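Produce the complete structure using the sequences and hints provided.
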Amino acid sequence: RIYPLMRVTLTTSDGASVTVSRQLTKHSGFIEKAITDMAVDDNAVPLSAVAVDVDDATLKLVIEWLTEHRDDALPYPEKTDEERRADDIPAWDQAFVQKWDTKEDQQQTLYAVITAADKLDIKGLLDMTCKTLANKINGKTVEEMREILQLECDFTEEELAEIRKENAWCEN
Amino acid sequence: SRVWSAFKYIRDVIRRLCRSKKMIGVNADEEEKDTDIPLSLNPVVPPFDNLTIDEESRDYFPILALPKHLLDIVFSFLPIEDRLSLAGVNKSLNTIESESKYYVERLAIFKGIEAPIPSALERDLTN
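So the protein sequences, as listed, match chains A and B. Just so you know, the UniProt record's numbering puts 119 at position 119 of the first sequence, and the rest follows in order with no gaps. Just so you know, the UniProt record's numbering puts 95 at position 95 of the second sequence, and the rest follows in order with no gaps.
FYI, nobody ran anything at the bench for these hints, they're computed from the structure. Any given hint might turn out to be false.
[As the list claims (entries may be wrong)] List of simulated lysine to aspartate or glutamate pairs, DMTMM-like, C-alpha gap at most 20 angstroms: (1) K91/B with E83/A; (2) K99/A with D59/B; (3) K91/B with E157/A; (4) K123/A with E162/A.
[To be verified] Facing chain B, according to a computed beta carbon distance under 10 angstroms, are these residues of chain A, among others: (5) V20; (6) Q23; (7) D105; (8) Q107; (9) T109; (10) I114; (11) N138; (12) T141; (13) M145; (14) R146; (15) E147; (16) N167.
Owing to the predicted nature of the structure, the values given are computational and were not obtained by experimental measurement. Virtual Cβ for every residue (Gly too), placed ideally from N, Cα, C.
Below, the structure is given as structure tokens:
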């Protein structure tokens, strides 16, 4: 008999504990699998604590997003390559991400949430945050991308010329 | 201050190289006080223990730290023009982009001699 587990305590990588409703954790493939793996036989009482490799600050953001999306349909609808677009982020999600703009480490926050969504297997949050990153790059020149991503050009002049030649067909 | 620390360091180096206290005119008290300044084995970085370098701390997205499968997802939301631009940023992104599992579904190539070509490619190939 598997006991119905209504609440789950998540322990973060920095030692904090957060208790959340199962209604939220059902969107996380990682947490659901952990709970399922713990309750494998009739005598087993499901453990309520699941360790997640996410820090407390990031997990709070993840939970905030999950709370808003607790009623989203499951399983998360997979889209074909042709259906994938970055300009369909819901208004609430856009405002959720824009709140980070006031933070000094907004880019690091976005990185932390993307990797957390991946570790916790929350497909909706992962798609939304990857779209957000794509939108930061979308329409930018190569130089602007280097500036945004803080990357140096390590091509030789010959290699750059070759790339320009290869990409000439795509230039407007 | 940084200037004073740098001065003391250079002075100590010169002192040790010259091995002559009289050449640089340092009195005995000051010399005794400064003898604890270590010489660096690194010719570039002097051993300034109390020197804090004002590094510009800029927030940026560490895209190369993302696992490959996450980069694939990000690339999947970009039109082909942006993906090619991203591949031109540096060698690492060029390699990652070329190995990305997402590819252009279709490509329209028009060939014409007399009639003008309205568009050499479809603008949004990935949508």
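Results of checking the hints against the structure:
1. K91/B with E83/A: violated, 29 angstroms
2. K99/A with D59/B: holds, 16 angstroms
3. K91/B with E157/A: The given pair, whose Cα atoms are some 13 angstroms apart, holds under the 20 angstroms limit.
4. K123/A with E162/A: violated, 38 angstroms
5. V20: At 24 angstroms from the nearest chain B Cβ, V20/A fails the 10 angstroms test, so the hint is violated.
6. Q23: Violated, because the Cβ-Cβ distance from Q23/A to chain B comes to roughly 26 angstroms (cut-off 10 angstroms).
7. D105: holds, 5 angstroms
8. Q107: holds, 4 angstroms
9. T109: Interface hint status for T109/A: holds (9 angstroms vs cutoff 10 angstroms).
10. I114: I114/A check passes; min Cβ-Cβ to chain B is 6 angstroms, inside 10 angstroms.
11. N138: Holds, because the Cβ-Cβ distance from N138/A to chain B comes to roughly 6 angstroms (cut-off 10 angstroms).
12. T141: At 7 angstroms from the nearest chain B Cβ, T141/A passes the 10 angstroms test, so the hint holds.
13. M145: Given a least distance of 5 angstroms, the restraint on M145/A holds.
14. R146: Holds. Min distance 5 angstroms.
15. E147: Interface hint status for E147/A: holds (9 angstroms vs cutoff 10 angstroms).
16. N167: Status holds, d = 5 angstroms.
The structure fails hints 1, 4, 5 and 6 (numbered hints given earlier, in ascending order).
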